[in-house]
Amino acid sequence: MMRIEPRQPSRVVNVAVPVLAALVSLLLAAIPLALAGADVLAAFRLMWSGVFGSPFAFTETLTRATPLILTGLAAALAFRAKLWNIGGEGQLYLGALAAVALGSGAISAPPAVMIPLVLLAGAAAGAAGMAVPAFLKVRFGADEVVTTLLLNFVILLFVQMMLEGPLQDPMGMGWPQSAPVIEKATLPQLMDRMRVHAGLLIGLGLAVLFHILLTRTTWGMKMRAVGENAPAARHAGIPVTRTLMGAALISGGLAGLAGVGEVAGLKGYLTADLSPGYGYAGIVVAMLARLSPLGTVASALFIAAVFVGADSMSRAIGVSSYLADLVVAIALLCVLIGGFVSRYRIVRVRTGEAP
Amino acid sequence: MTDRQSPVVLRLAGLTKRFGSVLANDAVELDLRRGEILALLGENGAGKTTLMNMLFGHYLPDAGHVEIIGPDGRLAPLPAGHPEAALRAGIGMVHQHFTLAYNLSALDNIVLGAEPLLAWRRDRQAARAKIDAIMARSGLTVALDAPVSQLSVGERQRVEILKALYREARILVLDEPTAVLTPQEADSLFETVGRMAADGLSVIFISHKLREVLAFSHRIEVLRHGRNVGGMATADADETRIARLMVGAETATDPRPPMAPGAPVLELRGVSVAGPDARRSLTGATLEVRAHEIVGIAGVSGNGQSALAALLSGLAEPESGEMRLADAPVARFTPAAFVAAGVGRIPEDRHHEGVVPDMSVAENLVIEALGDPEVSRLGFLRRGAIRARTAEACAEFDVRGPGPYAPVRLLSGGNMQKLILARVFGRAPRLILANQPTRGLDLGAAHAVARRLLEARARGAGVVLISEDLDEILSLADRIVVMHDGGMREAASRDRAAIGLMMAGQAAA
Chain A
1 MMRIEPRQPS
11 RVVNVAVPVL
21 AALVSLLLAA
31 IPLALAGADV
41 LAAFRLMWSG
51 VFGSPFAFTE
61 TLTRATPLIL
71 TGLAAALAFR
81 AKLWNIGGEG
91 QLYLGALAAV
101 ALGSGAISAP
111 PAVMIPLVLL
121 AGAAAGAAGM
131 AVPAFLKVRF
141 GADEVVTTLL
151 LNFVILLFVQ
161 MMLEGPLQDP
171 MGMGWPQSAP
181 VIEKATLPQL
191 MDRMRVHAGL
201 LIGLGLAVLF
211 HILLTRTTWG
221 MKMRAVGENA
231 PAARHAGIPV
241 TRTLMGAALI
251 SGGLAGLAGV
261 GEVAGLKGYL
271 TADLSPGYGY
281 AGIVVAMLAR
291 LSPLGTVASA
301 LFIAAVFVGA
311 DSMSRAIGVS
321 SYLADLVVAI
331 ALLCVLIGGF
341 VSRYRIVRVR
351 TGEAP
Chain F
1001 MTDRQSPVVL
1011 RLAGLTKRFG
1021 SVLANDAVEL
1031 DLRRGEILAL
1041 LGENGAGKTT
1051 LMNMLFGHYL
1061 PDAGHVEIIG
1071 PDGRLAPLPA
1081 GHPEAALRAG
1091 IGMVHQHFTL
1101 AYNLSALDNI
1111 VLGAEPLLAW
1121 RRDRQAARAK
1131 IDAIMARSGL
1141 TVALDAPVSQ
1151 LSVGERQRVE
1161 ILKALYREAR
1171 ILVLDEPTAV
1181 LTPQEADSLF
1191 ETVGRMAADG
1201 LSVIFISHKL
1211 REVLAFSHRI
1221 EVLRHGRNVG
1231 GMATADADET
1241 RIARLMVGAE
1251 TATDPRPPMA
1261 PGAPVLELRG
1271 VSVAGPDARR
1281 SLTGATLEVR
1291 AHEIVGIAGV
1301 SGNGQSALAA
1311 LLSGLAEPES
1321 GEMRLADAPV
1331 ARFTPAAFVA
1341 AGVGRIPEDR
1351 HHEGVVPDMS
1361 VAENLVIEAL
1371 GDPEVSRLGF
1381 LRRGAIRART
1391 AEACAEFDVR
1401 GPGPYAPVRL
1411 LSGGNMQKLI
1421 LARVFGRAPR
1431 LILANQPTRG
1441 LDLGAAHAVA
1451 RRLLEARARG
1461 AGVVLISEDL
1471 DEILSLADRI
1481 VVMHDGGMRE
1491 AASRDRAAIG
1501 LMMAGQAAA
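Protein chains in written order, with our numbering: chain A, 1 to 355; chain F, 1001 to 1509.
Excised from the complex, chain A in its bound form (with noise of 0.2 Å):
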C-alpha cells in the first residue's frame, strides 16, 4: 500500500524540482520532434529565439499572458475559497460581449469615459456568469465543477447565437462576427508596432491588489479561512455564503475582464473563436502559481512562453501545428507533476497498520 505525505518546505526541493521538470518535458517533447523528422536542435534552439528572439517576439508573449494572467486569477481566487470555478471560459467570453455590445458604436463619450465603462460592462458580465453557478450552490448545493462547466457551452452557443443575430456586424459580409470596437473604447497599446496591450497593466495591477487583498485584509482572511475550513469560520462568526458569493462574483468578474482586453485591446471584434482555451487554460495558471496572485503573473508568463515559443518553432520548421499543442501538454503537465512531487513524497505503508 501507499500513502501520500505532505513534505516538509525545502529550499533545495522547491528550487530543483521546476529545474529538473522543465529539463525532463525537453526531454520528453524531443521524441514526438524527432519522430516528425524534425531537427530536434533547432527546434530547441527556435522555440527560445520564438520567445526572446526580438523584442517583438517578447511582447508576443506578453500579449498571450494578459488574459492567462486574468483568467489564472480567477480561478485562483475561486479556488482559494474552495469555489471550482471551471467556467472561466464561459464567462470570459460573456465579458466580450458585453465589451462589444456597448463598445462597437451603441454608445460613444470620450475614450476616458469609454474603456472604464467597457471594462466594467464587462467584468459586470463575467460576474453575473458565475452569480448563477455560486447561487445555485450555495441554495441548493448544487456541484459548481458540473455546473460551471456546462455553463461555457450554454454560453458559446449563446455568442454564436448573438453573432448571428442582433450583434453581427451589418458590414461584415454575412460573417459570423461582431461590428468592431469603436476607437474610443479600445485599450490603447503600450509600444509602437507591437500587438502587446494596456490590459496587461490591468492584469498586473489586479494581480498586486488581489496579493495586498488577501495577505493584509480582513476579507482576504475571511476569504482564506472559508476556503481552508468553512465549519470553523461558521463557528468564528464569519458569513460562509455571503463570503463565498463576494468570491464568486470577483472570479468571474476577472475572467469577465480577460474577454474585454481581447476584443478591446487585441482582436477589435468579436468572433467565436476569440480564446483558444484561455479560461481553461487560467485553471492550469492558477494551480501552477498554488493559487498566489503574484504567482500567477509568473505561470502565466511561463505558459504564454511555451504557447508562443512551440508555434513559431512549428511554423518555422514547417512540423504540424498539433506538434506545437504536445509540447505545450508536455511541459504544463511535467511542471505540474514537479509541483505535486515537490509538495509530497509518497511513502510505502505496511499492511494492516491503523490508518
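What the hints contain is simulated information worked out from the structure, not anything from laboratory work.
Beta carbons are placed, not taken as given, at the ideal position from N, Cα and C, and that holds for glycine.
A hint or two may mislead.
Claimed, not checked - According to the in silico footprint, chain A covers these stretches of chain F (three or more CB under 8 Å from chain A):
| hint | region |
| --- | --- |
| 1 | 1353 to 1366 |
| 2 | 1373 to 1385 |
Claimed, not checked - Below, computed lysine to any residue pairings styled on SDA-like, alpha-carbon distance capped at 25 Å:
| hint | chain 1 | residue 1 | chain 2 | residue 2 |
| --- | --- | --- | --- | --- |
| 3 | A | K82 | F | D1358 |
| 4 | F | K1130 | F | F1098 |
| 5 | A | K82 | F | A1406 |
| 6 | A | K82 | F | H1352 |
Start from chain A and add chain F according to the hints.
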C-alpha cells in the same frame, strides 16, 4: 444458558492500543465461551470500540494478541491486523453504522464479498437456499429480493447479521445494536440473538444501556479508561453496582471555593431544537446558569448534547421556547451575534470547528474579533497589534509552538486547545460554553483548562460544561444537569450511581 464447562472460543490477551498520548486500551483481557452472550459495557471513550477493532483486525495492537478456537478445538493466535483472517476464523461484526449497499437487494448484500470477484456465473440458487436455511434456524427473516433502501432500520440490521452468519460466523460482535432500534425491534433482536446463542453462537454486544444488558446477557464485562474494571455473571449484577463500575468510584477532590451565584446569564425555557436526528435534538430543555456558577451537563453522548452546544454557539435556532442571555431575549441566532453578546465558545471538535489548521496561530487567535478596532482598521489587518497580542496571549496561556506565524496544524492538541482558551477568555465572556474541553488532552493541558474555567467563574462568568467525564463534572460543576433523550433534568444529588442511572434513562434513585 452457558455453564462454566463450555469451551472458551475467543480470548483477548493483554490487548493494548495507544493513539498518540492516549491509552485507548490498556492490557485488556476477555474470554468468551461457546453459546455465551457477553455484554461489554462502558462510557463513551472507555475503549470498547477500539478493542473490537483490534479483534477484527482493523487496528494493530501495540501489545497483546487474540486467540481463537481452531477446527481442532484448541485456541490458536489470530494474525493481527488482518480482517480477512478474522472473517475466515468465524468472527462477524455488525457495526453501529451499517455497511450495506442501499441500491442492491438484501440477497446481494448478504452474498457480496463472500463470492469471488470474477466468477463465470453466480450460483444464486445455492446462495438463496443457504440463506433460507439460516433464516429458518435463527428466526431472522427479511424479504431477500427487496432493495435495502426499502427496508426498515431493524430489517437492515437483520441483513447485517445474516451477512455474518452466511459467512459462517461463530462469534458475532454487535456494536451498540439497539442505538437505532425502537424498543420493540430491540426486544425482537435480543430474542433472536438468545435463540442463536442457544444454538452455539457466541455473542459480544457493546452497549451502555443497563436495562437491556441485565435482561439479555449472560455475563458482563465493564471497561473504564481502557481497562478492565470488573466482570460478573449477569445473575449477580444490579444496576447500581454496574453504574458505579462504569463511572468510577474515586472520591473527587473539590478545589472550588464556595461562591454565591449572581444574576442569571443564560436562561432556556422549554427550548426545542430540531437536529438531523433524534440523537442530535433538544426537546423542551430548561436550564438556568447564573454568574459565578459552573453547570455540568452529564450524559452519554448522543442524547442532545450537540444540539445544546449548537444552540449556545449561535449555530442553531430554537423551534420553540425562549432563550435569554444576560436577561435579554436572544433575537439573532448567529455565531457573530453570540460572540458580540459575550458568549465564549469552546467547541467539541477542535480541528473541525475550533481552528483553521492551515492558518497561523495569530490569525486563529483573532478570527472571532476581525471587526475589533485593535485588530483591523478600515478593513486592513493591524499586523503589529495582532503580533503583539499573539505574543502576549501565547505567554499568558502557555501556548507552545513554532511561532506566531506557523500554521496551527503544527501545534499539539493541548496547545491548540490553549490557543482556543486564549481566544475565548481574551474577550472576558459572560457565558462560556465548554464542550468536552479536556477530551484527548494530557493532564497538564486538562488542568490548565480546568483552572481557566474556575478563574472565569471567580470573575463572574457563568459556565456550561458539557462532558462525558463524570469525574470532571463532579470536580468542577456547582450544579449537575443530566441529559437524556434530548431532555435535561437536574441531578438531586452528587452521587455517582444516581447520576449514572439518570444517564441511562432510569428514574433517579
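*Does F/D1358 lie within 25 Å of A/K82 when you go C-alpha to C-alpha?*
Roughly 14 Å separates the two Cα atoms, so the pair holds.
*Are three or more residues of the region 1353 to 1366 of chain F within 8 Å, CB to CB, of chain A?*
holds (count 8)
*Given the proposed pairing of A/K82 with F/A1406, does the C-alpha separation stay at or below 25 Å?*
With a Cα-Cα distance of about 22 Å, the restraint between A/K82 and F/A1406 holds, given a limit of 25 Å.
_Pair hint A/K82 and F/H1352, alpha-carbon separation not exceeding 25 Å_ = 16 Å, holds
*Given that the region 1373 to 1385 of chain F was listed as covered by chain A, double-check it with a C-beta distance under 8 Å for 3 or more residues.*
holds (count 6)
*Sort out whether F/F1098 lies within 25 Å of F/K1130, counting only the CA atoms.*
22 Å, holds
Every hint from the earlier list agrees with this structure, and none is contradicted.
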